[in-house]
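Peer 1: So the sequences go chain by chain: B and G.
Numbering-wise, full-length UniProt numbering puts 300 at position 300 of the first sequence, and it's gapless, one number per residue.
Numbering-wise, full-length UniProt numbering puts 207 at position 207 of the second sequence, and it's gapless, one number per residue.
Hints are computed from structural coordinates only; laboratory data are not their basis.
Quantities reported herein were computed from a predicted structural model and do not represent experimental measurements.
Every residue, glycine too, gets a C-beta built ideally from N, C-alpha and C.
Here are the simulated lysine to aspartate or glutamate pairs, EDC-like style, with alpha carbons at most 16 Å apart:
1) G/K25 <-> G/D43
2) B/K21 <-> G/E839
3) G/K760 <-> G/E839
4) G/K650 <-> B/D341
5) G/K760 <-> B/E202
6) G/K703 <-> B/D159
Output of the computed footprint for chain B on chain G, the stretches with three or more beta carbons under 8 Å from beta carbons of chain B:
7) 577 to 591
8) 662 to 674
9) 871 to 880
10) 887 to 895
Listed below, chain by chain, are the residues.
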Amino acid sequence: MRVANIYNLGVKELRGLGRDKMLLALIVYAFTVAIYTAVTAMPETLNRAAIAIVDEDQSPVSSRITTAFYPPYFVVPKLIDQSEMDTRMDAGLDTFALDIPPNFQRDLLAGHSPAIQLNIDATRVSQAFTGGTYVQSIVSSEVNEFLARHRGATELPVDLAMRMRFNPQLNKGWFGALSNVVFSITMLSIVLTGAALIREREHGTIEHLLVMPVTPAEIMISKVLSMGLVVLAASAASIVFVVQGLLHVPIQGSVALFLFGAAVHLFATTSMGIFLATMAGSMPQFGLLLMLILLPLQVLSGGLTPRESMPQIVQDIMLAAPNTHFVILAQGVLFRGAGIDVVWPQILALFAIGSVLFVLSLRRFRDYLR
Amino acid sequence: MIAEAAGAATPSGAKPGGELVARLKNVGLSYGAVRALDGIDLDIPAGCMVGLIGPDGVGKSSLLSLVAGARVIQEGRVEVLGGDIADRRHRREAYSSIAYMPQGLGRNLYPTLSVFENIDFFGRLFGHSKEERKHRIDTLLARTGMSPFAPRPAGKLSGGMKQKTSLCCSLIHDPDLLILDEPTTGVDPLSRRQFWELIDDIRGEREGMSVIVATAYMEEAERFDWLVAMDDGKVLATGTPAELLAKTGTDNLDAAFVALLPEEKRSGHRQVVIPPRPDDAASDIAIGAQNVTVRFGNFTAVDKVSFEIPRGEIFGFLGSNGCGKTTTMKVLTGLLPASEGTAMLFGREVDTRDVEIRRRVGYMSQAFSLYSELTVRQNLELHARLFAMAPETIPGRIGEMVRRFDLAAVMESLPEALPLGIRQRLSLAVAMIHSPEILILDEPTSGVDPVARDAFWEILAELSRKDGVTIFVSTHFMNEAALCDRISLMHAGKVLVSDTPNGIIERKGAETLEEAFVAYLEEAIGDTGKPQPAADVPMEPEPEIVPEKTSDRAFFSFRRMFAYTQREALELRRDPIRASLAIIGSVLLMFVVSFGISMDVEDLSFAVLDHDDTTISRDYALQLAGSRYFIEKEPIRDYDDLDRRMASGKLSLAIEIPPGFGRDLSRGTNVQIGAWVDGAMPMRAETVRGYVQGVHQTWLMQKAREIYGDAATVGKFRLEVRYRYNPDVQSLVAIVPAIIPILLLMIPAMLAVLSVVREKELGSIVNFYVTPVTRTEFLLGKQLPYVALAMLNFVMLSFFAVYIFGVPFTGSFVAYTAAAILYVIFTTGMGLVISTFIESQIAAIFATALLTLIPAVQYSGLIDPVSSLRGFGAVIGNIYPTTYFVTISRGAFSKALEFGDLAPQFVPLLIAVPVLFGLGILLLKKQAS
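Full structure from sequences and hints, please.
Peer 2: Laid out in structure tokens, this is it:
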């Protein structure tokens, strides 16, 4: 294996990429506009959840409850009557509908344990859960405060001081930024290496390389390195200028360590790109395979929803995917300020996955060239 | 002096008839900085066979594409068939009278479609009825001798057969003007001869038909009625062949053309004479083959081929396309292993892994295979470096190559912008950059003009005789074959004869090498594949079939639209991997994603930093550990431990119980428990917060009851939570209906994008440019099969959702299906719109992934409801139709909604479909620019 060959082939790859202006524009888009949009779009925690209240009691306590819901967590509640409730929920206008029964206050003070009904549109799962807890705790605290003036101390003086570490406001945008950077890195590296290889084959240039004194390993390493470099540079620029500069997402840890992790991740994903290209016979097939791989990687890696909530088998299978480890690493480094002493297992895992993929791809690549 | 005649290039009295088929006035064309045509004034006579001759890159192809209406006119005026071709209405009329066969073997054919299907596609484009098509195709196939090959895929045909098929496609609509761009380049002599006989035949029957041909073969040009000699984007001279010969005082067109060139180009050209090989030449064998056999499955491409080529010899390889020449060459270069037999280079068996031997061999493949994205200089440098030449020698060697192959003017150009001939020179320069001892050249001069070809052979002669380079070359040009020391004729994988050119002529007792070659071929083929004589096959349609010339002028024709639908559907059928990936893939994705995404957060890890360590503090921790949401990890030792474990993400929650907690609690002093939640993942943090508060409250309540007794229960109320539509709050019920819209977006969009961009990249888009098919028909035709495929997907996904995932379907399936139809029209239309502004397949894949996956997953209400989005994301969410289909899908599945309830959601879909379609039509170009 000759380093000079890898270098020369790598430079060729970069020059080729430079010619495709549309592709360059898309790369820039993926790392700037797409990320900016994602971050600014994500609601901060529970945002503007739609709630309606049916107040059949019209008592001090019920109006106390009604006024306790206000933006940004909730929209100003719509006061509706019971007949409207179902149609509004069917049309998806309200996620929550609170029904305060007649004589609620009287029964409450009489110790009859009256019931407030909370209807939740459970098809909107994420709001249903977080919003549901919010509504419950708001209603409880309002009722309790109301009661506090009517009875003696029956509460224990224990406060629960909750602090959100790493992201005190629970700003979902931060999380969205990261999840998008990871997605862009993965998608780009697979597309660039894989599709470029298929193009070389469809245009017959790969054959030309093989009559020259270069080995398949050199060809493959040159692709992995050059495309990895492009994506790494783009993601570094994105983190520094877009995520930190424009969006002011505070980054706790070392960007350098994150980029090192990204480099190892790229080693795995670019190899995967080559692997997919050798599986697909033509560009349309590659496009479909890409979708089949990309969506699970995006959705199941823990970058979108927590890994803990996935079935155990999915969690286990996804351990084989580089994204899973990269998401853990990225969250650790960027948000929790984790150092190499904390994320070394992820780096090791990425490297192991990358090596396996690389060796497998190289083997397939050799056969593919035959 | 002769060049001046170009200004008044009016056909002289010798041309037949007096009408013009095309008239060009001051026509100019530039590709960026390159001037392809410059101030062309030309009157092309009707009803005759007009030849465009000249070297490559002088603008012949550009001129033809302008006349055919395939390219936008930049300067000047082009009148074709009595109207301005720049005028859209005239073009619409003219398309049905013009046939255009672009340069490149079978470039306008679809490789996976059979010969019959290809021609049938064209018939549909011209609006022929079924019987008419059948009749015409049968006639054409019979006349071209292609009938036996009708079911064969076009990609598996030899070059000659591809061109014949292409010709059939061009002739299907009885054009008045037939434009052929180098139709016989790269075709063997026998097929070439048959091709021209066919054209003569057809012209004999269709008297009025005009034919314009660009050709690099001067001997072909001699048979034409009228010639246009071109050079450097300008017309040099026009006239009948006899007139041109008379003007220049030469006896053949090759010489005449050279004489017509301006002085500075002519200089240096002379007849190639290769000195005979000296008798005492080296006799060691440089290239040897013994019984080399190559099989691909059942097909034997090369059958026991043997030969020996001594060092320094020029060895020619002749044969029709697809006879095994290229395969043999690939075996010798080590690209392909031989199934049997041995191939030797320098007395050593060829080993596909032997990198060292490659340094001594230069190979030039048949198809242009240099990097189109690198400039000429970069290509040369790359290859020099890859052959590990010493860096200091590289500039000198490149300079030498540039001089030898006259590349100085194009050093900074991209190969794609260069004409074929110059690209071939570049390929050869690249093959020779490392001064190899053996050159293996696969049809190196295909498409190269006579002057350049002569120059090329002079270089070969010098290499062979002076430097002792062994040259193994395949060619279709007989005058080139005659220059070789020895030649082999190959057919159907076998070598027919190997001898010196003169030896072969003598053996057959023929006049010329070409005759001898054709005789050998005919002997080998027998009678098969010969075209039927014209008399047996009437060309005119039978009386009962009325040609429908009117339908192809209609503004919208279902037949033309279905031509694309049918073609697309056939291609899908031929590519079962693509079709099954598309169908099974989406079901697979539904499984993966539906089971994967879950909003029920459980098994959260937490640990306690207990400064108090009393019964009551341990009780608090137990309360947490006892809930099903939390799993307790080993206790936290100190703050460092807490920081470290939280930073690593191992703890979602850390609880700190202060010293004296139990004591303070029993005294009724205020105490505070600290809870640290990992906020890196906000959604999880929210959930944790909710759970912890809940557990905390419950614990307080319990303790309060222990301490205060029943007094604590006064003021208690219940909050009854009803989860509607999804009583068990199963993620599956919420997720599956939302996943269906996303899957119906991504895969159909990807397929639709590639169906167009692929045609662009592989060249068959030209069929859209030069036939009467309209943009609407093209887009709709392409869209239909993918809409059908997507609907099939829809049915499968719904089936799996209900019967396998057990998601109850409570609403109206009819309404849901209606929405789905609208929606997949949108998604495929989305793909087509993306395809209109993208040229390369890579960019297309990337753009589709970017423009479908992200908006669909993030802004369409899959996880966060659209009403809660902000900023630009909210804008996207509100206009992206996926949002509305997600609502419809959830409504139809879980909320028992019917048409009436869903009506508002239909509106955006109904708007999106025509908007997108209009955009597609607006952006799609009907001509190359």
